[in-house]
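Novice: Residue numbers (the numbering used here), protein chains in the order written: chain H, 1 to 299; chain U, 1 to 260; chain C, 1 to 281.
Heads up, a few of these hints could be off.
[Stated by the list, open to error] Under the rule of at most 30 Å between Cα atoms (straight-line distance), these lysine-lysine pairs were calculated in the BS3-like manner:
id	chain 1	residue 1	chain 2	residue 2
1	U	K63	C	K6
2	U	K205	C	K161
3	C	K161	U	K115
4	C	K161	U	K76
[Claimed, not checked] Restraint ranges, calculated between C-beta atoms of paired labels, are given here:
id	chain 1	residue 1	chain 2	residue 2	range
5	C	L266	H	S167	21 to 27 Å
6	H	T49	C	K161	58 to 64 Å
7	C	G30	H	A275	22 to 28 Å
Calculated from the structure, these hints are not laboratory results. Please read all numbers here as calculations on a predicted model, not as lab measurements. Yeah, the Cβ is synthetic: ideal placement off N, Cα and C, and Gly gets one too.
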Amino acid sequence: MFHLNKDRAAGIVLGTSFLITMALALFILAFLLAESLPVLREEGLSFITGQVWYVAGDIYGALPMIYGTLAVTLLALIIALPLGIGSAVITSEILTGRTRHIVKSLMEMLAAIPGVVYGLIGIALLTTSVRDLFGLMDGNTIFTAGLLLGIMILPTIMTLSDDAMRSLPGELRAQGRVLGLSHGQTIRRVVLPGSIKGITGAVLLGVSRAMGETISVMLVIGSLDRLPTPIYNVFTSGQSITSKLGREGAEGLGLGLQWSALAGLGLMLFISVMALTFTGNIIRGGVRPKKSKNHEVTG
Amino acid sequence: MSELFRLTKTSLYFGNTPVIHEANLTIKNGGITCIIGPSGAGKSTLLRSLNRMNDLIADFHHKGTIMYNNRDIYDKGLRLEGLRREVGLVFQKPCLFPGSIHDNVIFGIRHIREKKKEGFKVIAERTLKAVGLWDEVHNRLDSPAIGLSEGQAQRLAIARALAVGPKTLLLDEPTSSLDHRSARAIETLVKELGRTMTIVIVTHKLEQAKALADDVVFICEGKICEAGEAANIFSHPENIETRCYIEGSPPLDPTLPYPE
Amino acid sequence: MRVRVKDICFFSLCLMAAATAISLLFIIIGYILWHGAPAINFAFLTEGSRDFGAAGGVFYQTTGTVLLMFTAGLIALPIALGTVLFSHVYLGPSYKKTTDLFIYALNGVPTIIFGLLGYIIIGEGLHLGVSWVTGSIILAVMILPSMAVSIDEALSAMPHKYRDAALVLGLGRWHLIRTLLLPRSLPGVLTGLFLGLARAAGETAAIMFTATAFSGVGLPRGISEPVATLQTHILVLAGEATNPRALTNAWGAALILVTLVLALSLTAMFIRRQVRMEAEI
C-alpha cells in the first residue's frame with residue numbers, strides 16, 4: 001500500500017516553498033544578466049562610459065544615469081547621516097521606556113509613507129522651494145531628489161543605528177563614567193566607537209534603499225539624460241538609473257536593444273544594491289544581530 | 001537479565017571536544033541504573049545520547065555504536081520518533097507548555113490515534129495518579145500549568161513522559177532544582193516506577209544513588225571508570241577515583257603513593 | 001569646564017537632529033492632511049473618477065489597491081511560512097546563514113526591477129498581461145522576504161526548551177510544527193502579514209507597468225483584467241501639476257493611501273510589541 005509519511009509530506013510541501021524563495025533572487029540575477037547581454041556585446045565598455053542615450057540611433061551610454069544615482073545617493077547620505085545618528089543618540093542614550101518607544105514608532109511611521117506620496121510632496125513643496133531658494137529656472141534637480149531621498153532613508157539609518165547603540169552592554173557605559181568621563185564624553189568615546197560596526201551597516205542599508213528608490217526620484221529629478229556642467233553642479237536636472245527605468249520602462253518593455261539596455265541598467269542597480277545589502281548585513285554582525293545561534297531542529 | 005543498551009567504543013563530541021571518550025557499557029533491562037560522577041564528567045551527555053537528544057545540538061557528533069534492544073539507534077531504518085516514544089526522558093528543569101495541566105499531560109499523545117481511542121482523560125488520570133499528582137490537581141485540570149510549584153511541575157513532566165507509554169525512562173538530575181520534600185517525593189516515585197520499567201537516572205547526590213540504584217555507572221572526565229551492581233560498587237570500589245568520590249575525599253594526585 | 005561646554009554643544013546638536021526628524025513626520029502628515037482633507041467627501045470615496053482623474057472620486061482606485069494588496073498577501077503568506085518552517089525544522093543549523101542571506105537579498109531587490117522583470121516573465125512569458133493577477137504575483141514576491149523575516153523572528157524568539165520538551169516525547173516534525181511551531185509563529189505571521197500588506201499598498205514602481213490601467217476605470221471583472229490603484233492614480237495626477245483640480249484629487253488619494261498604509265503598519269508594530277513584551281517575561 002502506498003503510504004506517505006506525514007513528516008515527509010510536510011517536508012515536500014514546505015520544501016517547495018523554501019526552494020521558491022531561495023530561487024527567486026538567483027533567478028532575477030540570471031534573467032537580468034541574460035537580458036542585458038546584447039547591449040553589453042553591442043556597446044561594450046561604452047555602455048558604462050558613454051554619455052549619450054539615444055534610442056532612435058540605438059546608442060546607449062549610461063554614464064549620466066550612473067552619475068545621477070551616485071549623486072542623489074551621496075546627497076541623501078549627507079542629509080540623513082547627521083540627522084539619523086544625532087536622533088539615534090537621543091533615543092538610545094537619553095530617552096527611556098515609553099518616550100523612546102513612541103519616538104521610534106514615529107520614525108517607523110515616517111518609513112512607512114509610500115514613495116509616491118513623498119514624490120507628490122516633492123513636487124508640491126520641494127521643487128518650488130528649491131527653485132525659489134536657489135534662484136533656479138526649474139526646481140526639478142538632482143539636489144531636490146537627493147534632499148527627498150535623504151528624508152526617506154532617515155528612518156532606516158536612525159532606527160538601525162539606535163539598535164546598534166542599544167545592543168552595547170550597559171557595563172561599558174558604566175565603565176566610562178567610572179573613569180571620570182562625562183555623559184557626553186562616554187557617548188562620543190565609548191558608545192559611538194563601540195557601535196561603529198552596527199552604524200556602518202545601518203548606513204550601507206540606508207544607501208542601498210536610496211539607490212533603489214524609484215517613484216519619488218523620478219518625479220523630482222527632472223529626467224534629463226545629461227551630465228551637468230560643471231560636473232558637481234547638482235542644481236540641474238539629471239537622471240538616475242531608477243528614474244530612467246521608470247520613465248522609459250513602459251515603452252521599452254521587451255523590445256530589442258532598448259530593452260536590453262534597460263535590463264543592463266537594472267543589472268548595474270541590482271549588483272550595487274546587492275553588494276551594499278550584503279556588506280551592510282555582514283558588518284552588522286551576521287545577518288541579524290542579537291539572535292541566539294541554535295534555533296534549528298535537526299533531530 | 002537481558003541487556004537493553006549496549007555502547008561500544010562510543011565517543012560523543014561537541015565540536016572537536018570529546019565529552020565521552022570510547023565508552024563501553026551495557027545497561028540491563030529492568031531496574032534502576034544510576035549514572036554518578038563529578039559535575040562536568042559527561043553524565044547528562046551520555047544520558048541524552050540514549051534517545052538521541054544530543055542530535056539537536058548544532059555541533060554534536062558521535063563515534064562508535066549505541067545499541068538499543070540489539071538495534072543500532074543510528075540505523076537508517078529506525079524511526080527517531082519511535083525510539084523517543086519508547087525511551088522517554090525527563091529534563092533537569094521541568095519545561096511546561098503554555099496551556100492547562102490536562103493539555104500538558106497529553107501533549108505527546110494528542111496526535112496518536114490509538115491513544116485517542118483509549119481516551120485522553122483516562123490516560124491523564126492514570127499517569128497523574130502514577131506520579132502522585134492526581135489528588136492535588138484533579139479539580140483544576142483545566143487551569144494553567146504555569147501555576148504549579150517546581151516539585152509539582154517536575155512530577156507533571158514525568159506524567160507527560162509516562163503518558164506516551166515508554167518502556168524506558170531516562171531522568172536527568174530530576175531533583176536538583178527541588179526542595180528537600182519535593183525531592184523525596186520524586187525519589188519515592190522513581191523507586192516505584194523502577195519496579196515496572198527500566199530507569200536510567202543521572203544524579204550527583206550520592207544518597208539518592210544509594211537509595212535508588214540497582215546498578216551504578218561511575219563516570220569521570222569522560223570515561224566510564226566503573227560500572228556494575230550498586231552493592232558491589234558502593235562497598236568495594238575497584239577504582240581509585242570511584243573510591244575517592246564515594247568516600248567524599250578530594251581526587252588524588254596520581255603521582256603520590258597510594259594511601260593505605 | 002570645557003568638557004561641560006562640549007557636552008552641551010553635543011547634546012544640543014543631537015537634540016536638534018531628533019527634533020528635525022520628528023518634525024519632518026509632523027510636517028509631512030500635516031501637509032498631506034491640509035491638502036488632502038478638502039478633497040475628501042462622501043462622493044470622493046464612493047464615486048468613480050472622471051476627466052482622467054481631475055474630477056470625480058477614487059472608489060475604484062481604492063478598491064483596486066485593496067484587491068491587489070490582499071491577493072498579494074494571500075499568495076505570499078503560505079510561501080513565507082513554508083520557507084521559514086522548512087528552514088527551522090528540516091534544515092540543519094549550518095544552512096541558517098545561507099537561507100537568511102538569500103531572504104535578505106530578495107528583500108534588497110529594487111522594486112522597479114520587479115516591475116520590469118515581472119511584466120516580461122509573468123505578463124508576457126505566462127501570457128497574463130497587464131492584470132490584477134500579474135500585479136499580485138509581483139507584489140507577492142516583493143513582500144515575501146519581509147513576511148519571512150517576521151515569522152522567523154517569532155520562531156527564533158521561542159526558547160529552546162519547548163522544542164526539546166516536545167521532541168523528547170517522540171513528536172515527529174509535522175506534529176512539532178502543528179502543536180508547537182504554528183501556534184508560536186502566529187504573532188509573527190500576523191506582524192509579517194500586516195507589514196507586507198502595508199508595503200504592497202504603498203508600492204508603485206513594481207505595478208505601474210504590470211497591473212494598472214488609468215483610463216476606463218471600473219472594477220476588474222476577473223483576475224486577468226487590469227485594476228486601477230491609488231498609487232498609480234497619484235503618480236499620473238502628479239504629472240499634471242499645473243491643473244489645480246487634478247492636484248487636489250491627487251492629495252485626496254494620497255490621504256486615503258497614507259491612512260491605509262499607516263493603519264496597517266501601526267497594527268503590525270502593535271502586534272510585534274506585544275510579542276516582544278511576552279518574550280521578555
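Novice: With reference to the structure, classify each hint as holding or not holding.
Specialist: Status of the hints after comparison with the structure:
no. : hint                         : result
1   : U:K63 to C:K6                : violated, 63 Å
2   : U:K205 to C:K161             : holds, 24 Å
3   : C:K161 to U:K115             : holds, 25 Å
4   : C:K161 to U:K76              : holds, 27 Å
5   : C:L266 to H:S167: 21 to 27 Å : holds, 25 Å
6   : H:T49 to C:K161: 58 to 64 Å  : holds, 60 Å
7   : C:G30 to H:A275: 22 to 28 Å  : violated, 38 Å
The structure fails hints 1, 7 (numbered hints given earlier, in ascending order).
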